[in-house]
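Combine the two chains into a complex, taking the hints into account.
Chains A and B, in that order, are what the protein sequence lines are. In terms of our numbering, the first sequence opens at residue 1 and continues consecutively. In terms of our numbering, the second sequence opens at residue 1 and continues consecutively.
Because the hints were derived from the structure by calculation, they are not lab data. A virtual CB, placed ideally from N, CA and C, is assigned to each residue, including glycine. Do not take every clue at face value.
[What the hints assert, rightly or not] Pulled from the structure, derived: some chain A residues nowhere near chain B, Cβ distances all over 10 Å:
1) Val43
2) Arg103
3) Val123
[Unchecked claim] One-sided and incomplete, this derived list gives chain B residues near chain A with beta-carbon spacing under 10 Å:
4) Pro93
5) Ile98
6) Ala101
7) Ser208
[Stated by the list, open to error] Residues of chain A placed beyond 10 Å of chain B at every Cβ, according to the derived structure:
8) Ala29
9) Ala34
10) Ala50
11) Ser100
12) Glu106
13) Phe163
14) Pro182
15) Ile193
16) Phe200
17) Trp204
18) Leu231
19) Ile235
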Amino acid sequence: MRWWCSANGAAWSWEWRPFIGAWVIIVGAVGWLAWAGTWRRDVAPRRKIAAVIGLVLLLGAIDWPLSALGAGYIVSAQMIRQVMIVTIAVPLLLFGAPESLGRWLEATPRRRAVVRALTYPLVSLGIAVVLLIGVSVPVVVDPLITSQLGSFALDMAWISAGFLIWMPVQPPSPMAPRLSGPVAVMYLIAVSIAPLPVAFFMTWSEFPIYSVYELAPRVFNSLDAKSDQELAAAIFQVAGGLAIWIQIAVRFIAMSGGLSGPRFRGTLVPDASPAEVS
Amino acid sequence: MTNRRQFLRTVGVGAAGFGLFGAACTGTDGADAESDDNSDNLGFSGTVLGYPLAKPTVTFTDTSGQPYNIAEKTDGKLTLLFFGYTSCPDVCPVTLGIVAATLKRLTGPASKANVLFVGVDTARDTPQAMRAFLDRSSEEFVGLTATPELIDQALTELQLPAPVIDDPNADEGYVVGHASQVLVFSPNDNLAHIIYPFGNDSRGENWSKDLPRLQTYEFGDTTR
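Chain B with its partners taken away, still in its complex shape (with noise of 0.2 Å):
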């Protein structure tokens, strides 16, 4: 018995030891290899957060000029959220694409979850800009800007860093740098317990598994 434990033992180490080298070679980046164990993240394909994060508390302003507060106007309601701009070449318009692709796919309230877009690059990011931007993706996608220190102190209260200017490039354009994960609020306490980072996380078949768990998803307490 004793022998039959060593011997078990040892194959465990070594499997173990095989698998973690078959998984080094196998991932081309640890923040973008998709996990094959989601146990940490709750069986989701998102990052689930340290401690869950409140909506901002800032009033933005929609593409039609009015006054939108995301607390007051999502309350109850799933709500992905994602700083980007208008002007951005990869990052917001792939990301809008795939979460728009898959609010398409998808049937149940799940594929009614609100989609909101805010503006980081405040000189180029009008209204109309904004409105043309996300109705390549859907019309019902809602664009919100702000001024620039009220963007700022709502992603102070996120966590989110600060979007950055970069210098003209040779045609006069611009790149901001910016945050590129979404934010999704749970409808059931309206808080934010899980982000999507840009990347094999956000992929239009993960968005697909998890945007109906999201909806009826019981988070409870994630601190740690």
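So here's chain A without its partners, still in its complex pose (with noise of 0.2 Å):
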């Protein structure tokens, strides 16, 4: 049993294969939040909510048969991954995140400093950007993947890079946010901008950028190396964009007061006739 997914040469099988790591890390998660007061009775339905489809997609993203897939075979299943972890499941997890979490983050001055630092908007989103368009890089993707610690490796660069870009938009409760309101959406929209070179090169490319997916056994005829490649292209930007505007949506929704108008604090009085007012 593998305890990571990477590219080995080998036909594809739909055989079930779990990697350890995948379900090291996903249990390990459980059982920390479990402990660090996630699950209790007066945390919040829709942080639970997040959480557990955070820890779901995650596990999708890293196990059989998606990790697989775009370790090895096809490159818009490993465009769905960066997707998955990315653009949601990060953001949900952090939403779920346990509030022990943002108070261990702020509960020292080094602390605070160095989460400071990071989630200062430009530095987080830079660093974001080029660990994403680093890990997409031919001469970098080509050697990692084929083993289990460079696609480990490749895995863990992209989780980091999604902590790093909705850190400032959307940390842990009950840190406040570096970022809110229209600078938030305006944050959220360079976020939905600036990997989008790669997407591009993937797309006008003439040849199948990447040789271990052009090199690969094919696990579905009809699907050649670059059309693979230019469906990666597609979902990178439809499907990553789709996940960020929807955030931007939210936020712009919420924003503007809801659906239903503002709300106000306080109770409202009857209307006076105009006999008693005068």
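Here is the structure:
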């Protein structure tokens, strides 16, 4: 049994082959969340649900079959994994993270300083984009993805990039976000645009850019390497963009007071009749 | 002047050593690493043979049941010859797919290169199976078969190893070990001067650069 997915050149098989490392991470995360108090009664249900969905999506992205397909056969599967991890699972996990994590991150001046430095939007987005582009470059992907350790490093880079991207706008409760309101929306728009050069390169390249996927045994005979690459670029742009723009839409609606109009904390006084007023 | 020469010599040796170190660190596998310097291979991505190989003298049978003598049928044409089998899960369909995509992309005479596929698994590589297998890549590809003895003879003439049939696996299928390189016969002299082993050398980008050159290249004497 392998501990992490990687390209091994073997023909694809639909036989279930879980990866130990993925389950260790998820079981460990579940255990830690339980210990940290995520499943307590006083925690809002939506946070618990977010944590569960985030963990399920993360497991789906790092375990068989998606991880095996993405690591050695289909670059579009790899892109699905990236979108799942970076734009969906990580923000859900941050939203569902226990308050003890937020308090721990701000417990000491040094930690606060580190967190502030890493969540400075230009810094976090810059590092995240460099990471995402760096782990998409063929000269990095082709050698790393053929070993379990290299493939693990690529996945950890995605997860790290995801946390860097979302921390400024969605840190663990009760931390206050560095960005909110219209500035947060603009930041997320920048997030949706920044990694696009990778997708453009994949779309418009005349040839498959990754040798590991071009030379991999075909899983679907109708999907050749070039079509697969174009599909991956489309997934990156459309699905990845959609996930971020949903976040933008939710924040925009929240900024405008929601669909029911502005909400007040007071109690509405019944209208007085004209006679009472005069 | 002497000091300047010594300095330049030292810098040159150091730079060469650093370059070798860097090349060693970035290469994944010597056999698969794409060489930046193709001077030994005349600028081609494939491997130029120490001595050229003639087309096999064996008469095969094509998928329509007709006899097919490679030397006669492909005389004066750029020809790619590949030995594989229709149940191959990886190398064969990938190689044929890449070549098919390349030929579709090319324009000019090189796009009309003959692609011949010899099925070495004579038990399963029936004409119908071969045609169905090849049509997934291109209807223009020619499928050839023969008796095991004739196939072995052709492989011997081409200095290629005989196929090795593995033991049946759980679902009663079996894997056949076979030579995975593509031999390219020049249209100028009908000899194979260059082969393309499966790997980085046989990626679509490399085929796209090499096939037009191979269409007109005069190899001359490459014996070494």
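Against the structure, the hints:
Interface exclusion of Val43/A from chain B stands, the closest Cβ pair being 48 Å apart, more than 10 Å. Arg103/A, annotated as away from the interface, keeps every beta carbon of chain B farther than 10 Å; the closest lies near 44 Å. For Val123/A, the requirement that its beta carbon stay farther than 10 Å from each beta carbon of chain B is met, with the minimum near 30 Å. Hint on Pro93/B holds. Least Cβ distance to chain A is approximately 6 Å, under the 10 Å limit.
Interface hint status for Ile98/B: upheld, as the beta-carbon distance to the closest one in chain A is roughly 7 Å, under 10 Å. Taking 10 Å as the C-beta contact cut-off toward chain A, the hint placing Ala101/B at the interface holds, the least distance being around 6 Å. The beta carbon of Ser208/B is positioned within 10 Å of a beta carbon in chain A (closest approach about 7 Å), and the interface hint is therefore held. Chain B leaves Ala29/A outside its interface by the beta-carbon criterion, the shortest separation being 33 Å against a cut-off of 10 Å.
Listed as a non-interface residue, Ala34/A keeps its Cβ farther than 10 Å from every Cβ of chain B; the least gap is roughly 41 Å. Remark: the non-interface label on Ala50/A is consistent with the geometry, its nearest Cβ contact in chain B lying 41 Å away (cut-off 10 Å). The beta carbon of Ser100/A sits about 43 Å from the closest Cβ of chain B, which is more than 10 Å, so the claim that it is off the interface holds. The Cβ of Glu106/A lies farther than 10 Å from every Cβ of chain B, with a closest approach of about 42 Å, so its non-interface assignment holds.
With a cut of 10 Å on Cβ distances, Phe163/A stays outside the contact zone with chain B, its closest approach being about 30 Å. No Cβ of chain B approaches the Cβ of Pro182/A within 10 Å, the least distance being about 46 Å, so the stated non-interface status holds. With a least CB separation of 29 Å from chain B, Ile193/A remains clear of the 10 Å interface cut-off, as annotated. A cut-off of 10 Å between C-beta atoms confirms that Phe200/A is not in contact with chain B; the least separation is 18 Å.
Its beta-carbon lying about 14 Å from the closest one in chain B, Trp204/A satisfies the requirement of being farther than 10 Å from that chain. The claim that Leu231/A lies off the interface holds: its Cβ sits roughly 15 Å from the closest Cβ of chain B, which is beyond the 10 Å cut-off. Interface exclusion of Ile235/A from chain B stands, the closest Cβ pair being 21 Å apart, more than 10 Å.
Against the hints set out earlier in the document, no violation occurs for any number.
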